[in-house]
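Taken in sequence, the protein lines are chains A and B.
Residue numbers for the first sequence follow the working numbering, beginning at 12 and rising by one.
Residue numbers for the second sequence follow the working numbering, beginning at 300 and rising by one.
Everything labelled a hint here was simulated from the structure, so no lab data went into it.
It is possible that some hints are incorrect.
Unchecked claim - Only part of the chain A face toward chain B is listed, based on derived beta-carbon distances under 8 Å: (1) 53; (2) 277; (3) 281; (4) 470; (5) 472.
Even glycine gets a Cβ: it sits at the ideal position worked out from N, Cα and C.
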Amino acid sequence: MTDTAERAPATQELERVTIRFAGDSGDGMQLTGTQFTRTAAVFGNDISTLPDYPAEIRAPAGSLPGVSGFQLSFSSSEIHTPGDEPDVLVAMNPAALKSNIGDLPAGGALIVNRDAFTPANLTKVGYAANPLTDGSLAAYSVFEVPISTLNAGALQGLDMTNKQMDLTKNFFALGLMFWLYERSMEPTFRWIEAKFGKRPIIVEANKRALGAGYAFGETTEIFHSRYVVPAASLAPGRYRQITGNEAAALGFVAASVKAERPLFYGSYPITPASDILHQLAGYKAFGVRTFQAEDEIAAIGAAIGASYGGSMGMTGTSGPGIALKSEAMGLAVMVELPLVVIDVQRAGPSTGMPTKNEQADLLQVMFGRNSDSPVAVVAPATPGECFDMAFEAWRLALKYMTPVVYLSDAFLANGAEPWAIPDAAALPSIAVPNRTDPQGFHPYDRDPVTLARPWAVPGTPGLEHRVGGLEKADITGNVSYDPDNHDLMQRLRHEKIARIADDIPDLDVFGPPDGDLLILGWGSTYGAIRSAVERLQSAGQRVAHAHVRYLNPFPANLGTVVGSYRRVLIPEINLGQLLLLVRARYLVDAVGYNKVRGKPFRIAEIEAEAMRLLAGEDAASASRPS
Amino acid sequence: MNGDPGLAGLSAENAAVITLTRKDFVSDQEVRWCPGCGDYSILAQTQKVMPDFGYPRENIVFISGIGCSGRLPYYMNTFGFHTIHGRAPTIATGLKASRPDLMVWVITGDGDALSIGGNHLLHAMRRNVDIRVIMFNNRIYGLTKGQASPTSELGKVTKSTPVGTVDYPISPLTVALAAEASFIARSVDTHTEHLQKTLDRAGHHHGSTFIEVLQNCNIFNDGAFRDFTDREVREDRMLVLEHGAPMIFGKDRDRGIRLNGHQPEVVTLGPDYAVDDLLVHDETDPLIAFMLSRIYWPEFPVPVGVIRTIDRPTHDQMLTNQIEKEMARAGTPDLQSLLDGGETWIVE
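Start from the sequences and build out the full structure, keeping to the hints where you can.
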């Protein structure tokens, strides 16, 4: 859609632009990307972002492992992904150039900080010759800007060291991009003042850097055109920019307000879930109690203790933490207390690639406990939807007195999009199976419809009782080793989760109700799948998209949906986990499209795979579980 | 409990003066420990002291881990939660942090607390979580039928260590002290009066409370403490601590502990040493507490009683203060303005 290579002297209008900022992890690329995103969002564009940063906080300066990137797409039409490839790459040093240039399509614009292309920096990343002069970048529109020098000049006279001055050069780059895309610097000026207000010299330096970048754009003649991306026609309403982790934290608080029960969050720091802890720690005014535990096990233990006491006990982590919490999740299954377990998935196994994306914990949260130990599992598809599914996780946990896993991932957690702010008053209230009447009380008596047991919390006179991890006798909850009772209780626990299927929406199908191909997805692959299906449909293909938000139990109509198409394709950033469940459950010959590169899918690769299937060929990779 | 929607005032309704007896704390479940087990006495003393604290039954919660001791909550007619191995302090922490109005006890053993759950014990203690941990120390794994525990003596022959354990034991009291427990005590299962008194003091303390109860497992480690706890020898071989009193022991009250330099030694009162030469117990002195945690039979009499107690704000108090302060500052929380966040824009 974008064609930055086509240059006209005046301002040119584009539908969509994708920019990638790349630099050292100390260069402030995440901040630069975030500021540009905010500005675009406030302007009214649809936006989608992909932060991509290393696990090392400060890898050696100028090295390849230290490269941090932030890709954002902004558009005047609705978009679902941060873009398959950038139209513009801003590379702050040779390392950033080397590790990102492969993603820039021929004709793409490349803006580099020429000052960083020193012999030492070039050698560090294995460039034998300077790519700016050896002709290897001939396929791109290259704009060499001596960012460090120009920025230092703009900061002349400020009482700062050269090193301190250099730390502001990301704002110079940002200012230049604001000029190039005709964006106001005001939102960023306001942000700088709010952020560094107590340190006037830092405020001044950053504002000067930003302004200097903008002014450079105006005075230089190297750019032949400026570009505008008009505001998008989003549905009417009030919007803000939001990441998945932010939206989730808000959803959990909203659920607490609507259930009229306090939220308790026990967590141990882990990437990429920690931001939820940071966020919730700031919501004390809503009665939210946060607890940074000594380990993952203590975090879930405390959450179970809080739920036992009548609060909404919740814990959050990533895959390795789920492994540690699994025994306690089993306890919550046994004692049938409400609990929400957040899994913000990352690339594994083991420590894996902590900052990179993957959706390979589905089978772990489904089955990673001893015995038959069913829990409900929900998964948001977009950053904004993290709010809805967080709220929904609590609705189910409280109504059914069960642990619910909220399955997000690094891409959703850190990615941002414009979010239509919900009307708080219109959110439904959440009923809890609270018990206060001692008359005829039994701890394992069940609601005939939901099979939930009563929530009888300490402090309620006459309801003193004992629960625990030992098998419970039906109704009384006393310890029981009776064989038939155990069989009954296993089935009751299973049935309780299964009945949730009657209480969740049917799977929504985008496209024809039957046809040649259904692409079925879950989680953060939504955007790429939806965009691919839109393209295929425009090309006249009978292709539909359905996205599963409820992974356990599945929506009641899932079997019918997957049975209505000639082929079913399940793209996943794992080696075929939903595929395994769907094939096992519905005996449908679905095939997978699986890539585990720590990155989201591109629209084009899903589209290509779909085309292959439509042409009657077999799937390209890992088609069926073996 | 301000600011806890839904739970506010739950226990205020129960504030009426109540008179309960031991019987009120006996549940309808049949007690199933081995006949002759020290756990019976600990259960009985625990039930006996409960009425002293003035809490209604429904505001008392017993939380246990795994092991023989873990069954105790089933026998208390209070709220009870038999959790998983080693994790009782975590569940208790979450409960107390969210329900400051409750009185929370943790029942654990030497394997549960010091082996699989060691980390949780440390952190519950250092946070000064207002929970009372009773650790049954029988120096053996009983429920799994007799393997060495973290408090088993070096060289101990058990099913898992047929030619003797090569692991050094740890001192539970030293661990509690290093973890900054604000109340540390030791007692003995069969010394019922002393045990009651110790539990009573523990129940009146606010903060992380650790009580080591020397408990005889008559099946897998019978007589582990007999050398100094038996009736005939106990006065000569145990030191009963009293705050502010000199450290005197012995049937004839003729021996004591004094400091020689910074080393404790046992001396006999008489021509060479007078009462004034003896160390005076101070429950607030960490150095005395450390010394007491390190001395043991046969070199020294075994100290029992309150080793240490200090007052400092508890975890739940500090957390609640933060919440209340923040609520007072922010006024009535408004969900809509939270959702709106900072920068918003309108699409017409």
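Evaluated hints:
1. Interface restraint check: residue 53/A against chain B, minimum CB-CB distance 5 Å, threshold 8 Å, status holds.
2. Restraint check, residue 277/A versus chain B: the minimum CB separation of about 6 Å is within 8 Å; hint holds.
3. Given the 8 Å rule on beta carbons, the hint for residue 281/A is violated: about 17 Å separates it from the nearest Cβ of chain B.
4. Against a cut-off of 8 Å between C-beta atoms, the interface hint on residue 470/A holds, since the closest Cβ of chain B lies about 4 Å away.
5. Against a cut-off of 8 Å between C-beta atoms, the interface hint on residue 472/A holds, since the closest Cβ of chain B lies about 5 Å away.
Hint 3 alone, counting from the list given before, is not met by this structure.
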